[in-house]
Structures are given as C-alpha cells and as structure tokens.
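Residues 1 to 141 (our numbering) are what the sequence shown spells out, left to right.
No lab work stands behind these hints, which were simulated from the structure alone. Owing to the predicted nature of the structure, the values given are computational and were not obtained by experimental measurement. Errors might be hidden in some of the hints.
In silico SDA-like pairs for lysine to any residue, Cα to Cα no more than 25 Å straight-line [claimed, not checked]: (1) Lys-89 with Leu-106; (2) Lys-85 with Glu-39; (3) Lys-34 with Asp-46; (4) Lys-34 with Trp-13; (5) Lys-121 with Asn-133; (6) Lys-89 with Phe-122; (7) Lys-42 with Lys-85.
With beta-carbon atoms standing in for the labels, derived distance ranges [said to hold, decoys possible]: (8) Arg-79 with Glu-3: 40 to 50 Å; (9) Asp-40 with Asp-69: 29 to 39 Å; (10) Phe-141 with Glu-97: 16 to 26 Å; (11) Pro-136 with Asp-69: 11 to 21 Å; (12) Gln-104 with Val-15: 26 to 36 Å; (13) Val-14 with Glu-129: 44 to 54 Å; (14) Ala-99 with Pro-73: 20 to 30 Å; (15) Phe-12 with Phe-122: 16 to 26 Å; (16) Ser-19 with Lys-130: 37 to 47 Å.
No residue lacks a Cβ here, since even glycine has one placed at the ideal position from N, Cα and C.
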Amino acid sequence: MLEGWFMYFILFWVVVLISFFAIGGFFMFRKFLKRMPKEDGKSDLDWEEHYVNETRHLWQQKEKDLLEDLVSPVPELFRDVARMKIAGKIGELALKEKAAQIDQDLLIRGYILATPKRDHKFLRKKLTEKQINMTPYEHLF
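Let the hints inform the model, and build the full structure from the sequences given.
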C-alpha cells in the first residue's frame, strides 16, 4: 500500500486532474449548448455567422478598426469568439434597421448589447479613452 508523502502526492494529482477535467468539460458543454439547434433549426452560432455574412459588405475599414480597438481588452484567447459574437449582434441590428452601412452609433449599440453586464465597466473605460459620448447609450447599460 502507498504510505507517506507519495500517497499525498498521488491524491494531490488526482484532485488536480479531476478539477481540470471538470473545468474543461464545463466549457465544452457550454459550446455544445450553443451549437444545439433551436426551434427554428439554427443554433446561436449559426445565427451569429448568418448575421456576419449578411452584413459583411456594410462594414467600412474605420468601423472594423474601432471594433478591433474595443475588443482589445478581451484576453487574446477569447478575442476571436468575442469579436464574432459582437459582430453578429451588430449585424442583427443592422438587418433589423435596414442600415445602409455600419456606423459608429450602430457599432456601439451592438457592442453594448452583446457584452455581458459584468464587462460593462471595461467597455465604459474604453469608450471614455476613445472620447466617445456615452449619454445616448446609457439606457442600454
């Protein structure tokens, strides 16, 4: 039988591995749920992709740069996912409003709606740095 420090070493690694598997499983399960089709036959990720593809021609370089700048506080590992989610929400707004092109107002409204409430303080800080007036968007926060 195992005794002494080696037993504790093995038990420590068992706990660490189970914890890592649980954390990884949690994130994989969340991704699985986003990929599950809804009543309309499309998943959340499918709709995001649809909105981005339908509004790709409406984006100007200035708005792409602004979106890239606003997404910069997001950690590099999650930045692509955040950019896609935000661009999907902006595209959804643009299609609903039948916008001729994506402008700064539409971009900021979509960004606020796509951002979780817990991240709004970072968004406010970034908008202040960019010297963008937040008064018209207060009702969205």
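Handout entry: Indices of hints not satisfied (ascending)
Key = Violated: hints 4, 12, 15.
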